[in-house]
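S.K.: Chains as they are written, first to last, in the working numbering: chain A, 224 to 522; chain B, 25 to 410.
If you are wondering where the hints come from, they were derived from the structure by calculation, not from laboratory data. Watch out, some of these pointers could steer you wrong.
Which chain A residues face chain B? A few, computed with CB under 8 Å, are given here [to be verified]:
id: 1; residue: Ala244
id: 2; residue: Ala248
id: 3; residue: Ser309
id: 4; residue: Ala336
id: 5; residue: Cys467
Covered by chain A, according to a simulated footprint, are these stretches of chain B (three or more residues, beta-carbon under 8 Å) [claimed, not checked]:
id: 6; segment: 35–43
id: 7; segment: 117–127
id: 8; segment: 154–160
id: 9; segment: 167–177
id: 10; segment: 345–351
id: 11; segment: 359–373
Residues from chain B that face chain A, not an exhaustive set, calculated with beta carbons under 8 Å [unchecked claim]:
id: 12; residue: Arg130
id: 13; residue: Pro138
id: 14; residue: Thr141
id: 15; residue: Phe163
id: 16; residue: Cys164
id: 17; residue: Ala207
id: 18; residue: Gly208
id: 19; residue: Leu217
id: 20; residue: Ala281
id: 21; residue: Ala322
id: 22; residue: Trp328
id: 23; residue: Cys331
id: 24; residue: Leu334
id: 25; residue: Tyr338
id: 26; residue: Leu339
id: 27; residue: His340
Cβ coordinates follow ideal geometry from the N, Cα and C atoms, glycine included.
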Amino acid sequence: METAEAAAAAPGQIADMARIAAAAAAADPFLPRVYRVRQARRELGDTVTLELQPESGAAPAFAPGQFNMLYRHGVGETAISISGASEDGAGFLHTVRKVGAVSAALAGLEPGAAVGVRGPFGSGWPLAAAEGADVVVVAGGLGLAPLRPAIRHLLARRERYGRVAILFGARHPRELLFRQELERWRARLDVDVMVTVDHADASWHGSVGVVTPLIRRAAFDPHETHALVCGPEVMMRFAAGALCDAGVPQSRIHLSMERNMKCAIGLCGHCQFGPAFVCKDGPVMRYDRIAGLLAVREI
Amino acid sequence: MTQPAGPGKAAVIARAGLQQLLDALGAAGYEVLGPAVRDGAIVYDRIAKVDELPAGWTDRQDAGRYRLERRGDQALFGFVVGPQSWKRFLHPPVETLWSTRQEGERMEVTAPQPDATRYAFVGVRACEIRAIAIQDQVFCGGPFPDVGYAARRHNAFIVAVNCGEAGGTCFCVSMGSGPQATAGFDLALTELLDDAGHRFLVEAGSAAGTAMLQGIDRRAATDADLAAARAAVARAAGQMGRTMDTDGIRELLQRNAEHPRWDQVAERCLSCGNCTMVCPTCFCTTVEDHSDLAGTSAERVRKWDSCFTLEHSYLHGGSVRQSTRSRYRQWITHKLSSWFDQFGSSGCVGCGRCITWCPVGIDITEEAAALRTAAAAPNRGQDGTP
Ligand SMILES: Cc1cc2nc3c(=O)[nH]c(=O)nc-3n(C[C@H](O)[C@H](O)[C@H](O)COP(=O)(O)OP(=O)(O)OC[C@H]3O[C@@H](n4cnc5c(N)ncnc54)[C@H](O)[C@@H]3O)c2cc1C
Ligand code: SF4
Ligand code: SF4
Ligand code: FES
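Given only the sequences and the hints, what does the whole structure look like? Please build it.
M.R.: Pasting the structure below:
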């Protein structure tokens with residue numbers, strides 16, 4: 224059966240199934256832990272930030288960019304980014320937009336409500352790698368939520384980074400997320416904050432249009448810059464293109480990808496994006512590794 | 025490829041010995057499963073008696089076709105693989121992940137009972153052993169092993185059967201997965217039916233297998249038995265109904281996301297997902313939340329899913345993979361290419377099920393070959409040459 228050679232690599236035998244079975248049974252990654260809503264804060268008409276705290280014990284550490292699976296009894300479970308740590312560090316902030324059954328149930332919760340939480344899962348923003356370099360943050364709409372813990376991290380350790388620019392686009396002035404915090408960032412002299420809206424109203428005196436052209440206006444040294452990008456996929460594609468045009472190496476551009484997720488632990492197959500599982504190889508992914516895939520429709 | 029075990033290592037048992045093996049597995053607490061004829065197909069079901077095996081039956085398979093026929097002999101394993109695979113036991117079609125009770129805002133999460141089922145699979149083909157090894161990587165090779173799968177898999181006893189005949193849609197030789205089981209079994213049988221009588225060469229592949237053989241009437245294998253077993257497997261290897269050229273196949277698919285063949289196959293594909301359901305390595309699942317009328321108790325249930333459904337790639341606002349073209353491309357690219365990136369091997373073992381059970385007879389070997397031969401077509405157009 225010499226022909227057998229043609230079909231590369233056979234899967235490796237898993238030698239220690241007994242140990243794996245015991246370890247899995249001891250810590251079933253599918254089981255949520257019960258958390259409680261400590262505070263619910265309306266951000267926008269359809270968007271709420273929940274502060275979640277474990278019913279008992281401490282919340283696990285997380286890296287900015289990671290997400291949790293949030294479950295509401297009888298309704299379902301869904302992937303939601305961590306939009307910050309609660310002020311006393313005892314829990315997570317999650318900013319949820321109401322788009323369907325689960326997100327609506329979560330966005331409607333009141334303080335005291337019980338929520339199942341699994342996580343944190345996935346990759347984070349390259350904040351350690353970016354030390355010493357300039358950082359450009361590009362956010363579209365709700366995409367600011369997973370970037371907020373990264374921005375808070377950068378600003379809390381401001382001296383470790385070069386220039387920091389935050390470029391944020393929303394559809395409408397009414398839809399500017401984290402408005403007060405945005406104002407506080409804008410008030411700082413050591414960070415360049417630019418905000419644009421697609422559709423202005425009479426109250427708006429800032430930029431109008433998509434976020435991408437702001438990249439050309441921001442001050443950074445392209446060869447020494449890390450870019451963190453999150454927003455709708457089309458927006459990320461254009462932003463990554465503009466960053467490349469500005470001279471930022473593809474390997475320093477990071478995008479936070481979104482795909483349907485049912486398990487968050489690499490077992491359900493739903494989040495595949497070419498060879499990657501967005502739940503474990505992402506959601507934060509290096510542009511040089513996915514640029515080819517992003518160019519293919521319906522991948 | 026390991027050589028068939030030399031004399032002394034292999035034994036020979038008769039049909040009565042096979043019954044003793046089934047009895048011994050049952051006595052050891054295993055739920056014994058094996059091939060049986062049900063509704064015109066050979067499926068895997070509980071078996072207690074050798075009489076329940078599909079004696080004298082064979083299966084005729086081709087693209088979109090499966091038919092059972094009588095054989096001229098009383099072979100017990102004279103067929104290949106049917107619509108089911110062992111995946112339905114190790115990775116069941118429906119499984120409860122956990123349940124919750126909530127009264128007011130008091131919520132309790134309950135893990136399912138640990139699955140203590142001990143399966144003995146009798147009649148596992150080489151391609152299926154490979155498929156199980158592949159699903160082992162999927163479910164137990166990463167940082168978050170699947171609890172239920174790991175438990176069932178750890179407890180399972182595997183009796184392989186080497187193929188003496190290949191089916192019309194088989195191509196395990198191309199995929200390097202058969203027709204002989206070389207590892208990953210507790211016991212391996214080769215059915216021999218010749219002038220020397222109806223008998224089974226049996227080789228142990230584990231300590232559990234060796235132990236199980238104690239107390240079963242057997243004799244040492246002779247050189248003639250071993251030669252007959254080698255000949256049987258060689259016969260199957262020479263009869264493959266299909267072949268697949270796997271040379272550079274991973275890159276072939278990576279390069280051809282925009283190949284015109286995708287439109288061509290999309291005209292035939294019904295997007296029914298049969299191929300993913302019958303495939304012994306496809307592992308995708310979705311989840312459903314069920315609650316009682318009062319809403320106090322809820323269950324989260326996991327079910328087999330398929331990348332051919334629109335929901336599989338659903339994001340708020342619409343599915344990523346809207347077209348059949350993109351869903352077929354996802355399926356075959358995952359099987360033959362991205363599986364290497366994810367799990368270090370091909371996701372296809374060459375069992376042929378997706379070819380046989382496709383209602384319109386779409387053939388993975390034919391599609392892979394078409395991607396190869398027509399791959400130059402668009403470039404020719406660009407050059408301006410006819
Ligand atoms: C890594 C990651 C981080 C996310 N972070 C946030 C966040 O911080 N805030 C927020 O509001 N939303 C976030 N989302 C999107 C959020 O998961 C979806 O809006 C949510 O799943 C919709 O579920 P639903 O039941 O309310 O809506 P439906 O439209 O009824 O969705 C049905 C099912 O489709 C799937 N689905 C639908 N839309 C999405 C989507 N956009 N992404 C993934 N799966 C989807 C889910 O499995 C969901 O259960 C994130 C998604 C991912 C993958
Ligand atoms: S892709 Fe087809 S031939 Fe390959 S393992 Fe799956 S069902 Fe069998
Ligand atoms: S081929 Fe499709 S159904 Fe099968 S494992 Fe891959 S994504 Fe899932
Ligand atoms: S969400 Fe299930 S595999 Fe990624």
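S.K.: Hint by hint, say whether it matches the structure.
M.R.: For each hint, the structure was consulted:
Interface restraint check: Ala244/A against chain B, minimum CB-CB distance 4 Å, threshold 8 Å, status holds. The closest approach between the C-beta of Ala248/A and any C-beta of chain B is roughly 5 Å, which is under the 8 Å cut-off, so the hint is satisfied. The restraint placing Ser309/A at the interface with chain B is violated, with a minimum CB-CB distance near 19 Å, outside the 8 Å limit. Interface restraint check: Ala336/A against chain B, minimum CB-CB distance 5 Å, threshold 8 Å, status holds.
Hint status for Cys467/A relative to chain B: violated, with the closest Cβ pair at about 21 Å, above 8 Å. Note: the segment 35–43 of chain B has 0 residues with beta-carbon separation from chain A under 8 Å; the three-residue rule is not met and the coverage is violated. Restraint check on the segment 117–127 of chain B versus chain A: 4 residues with Cβ-Cβ distances below 8 Å, three needed, restraint holds. Given as covered by chain A, the segment 154–160 of chain B passes the check, having 4 residues with a CB less than 8 Å from a CB of that chain where 3 are the minimum.
For the segment 167–177 of chain B, the stated coverage by chain A is satisfied: 8 residues place a CB nearer than 8 Å to a CB of that chain, which reaches the threshold of 3. Taking a C-beta to C-beta cut-off of 8 Å, the segment 345–351 of chain B contributes 5 residues in contact with chain A, enough for the three needed, and the coverage statement holds. Residue count for the segment 359–373 of chain B with a Cβ under 8 Å from a Cβ of chain A: 9. That meets the three needed, and the coverage hint holds. For the restraint placing Arg130/B at the interface with chain A, the shortest Cβ-Cβ distance is roughly 7 Å, inside the 8 Å limit, so the hint holds.
The interface hint given for Pro138/B holds, since its Cβ lies 6 Å from the closest Cβ of chain A, which is under the 8 Å cut-off. Annotation: interface hint on Thr141/B violated; nearest CB of chain A at approximately 13 Å, more than 8 Å. For Phe163/B, the suggested interface contact is upheld, since its CB lies about 7 Å from the closest CB of chain A, less than 8 Å. Hint status for Cys164/B: holds, given a least beta-carbon distance of 5 Å to chain A, under 8 Å.
Taking 8 Å as the C-beta contact cut-off toward chain A, the hint placing Ala207/B at the interface holds, the least distance being around 7 Å. Taking 8 Å as the C-beta cut-off, the interface hint given for Gly208/B holds, the closest approach to chain A being about 7 Å. At a threshold of 8 Å, the smallest CB-CB gap from Leu217/B to chain A is about 22 Å, leaving the interface hint violated. With its C-beta approaching chain A no nearer than about 5 Å, Ala281/B sits inside the 8 Å limit, and its interface hint holds.
With a cut of 8 Å, the hint placing Ala322/B at the interface with chain A holds, because the nearest CB-to-CB distance is about 4 Å. Interface hint at Trp328/B: violated, since its Cβ lies 10 Å from the closest Cβ of chain A, which is beyond the 8 Å cut-off. For the restraint placing Cys331/B at the interface with chain A, the shortest Cβ-Cβ distance is roughly 7 Å, inside the 8 Å limit, so the hint holds. For Leu334/B, the interface hint is violated, the least distance from its beta-carbon to any beta-carbon of chain A being 11 Å, above 8 Å.
Interface hint status for Tyr338/B: upheld, as the beta-carbon distance to the closest one in chain A is roughly 5 Å, under 8 Å. Interface hint status for Leu339/B: upheld, as the beta-carbon distance to the closest one in chain A is roughly 6 Å, under 8 Å. At its closest, the beta carbon of His340/B sits 4 Å from a beta carbon of chain A; the interface hint therefore holds under the 8 Å criterion.
Of the numbered hints stated above, those contradicted by the structure are hints 3, 5, 6, 14, 19, 22, 24, listed in ascending order.
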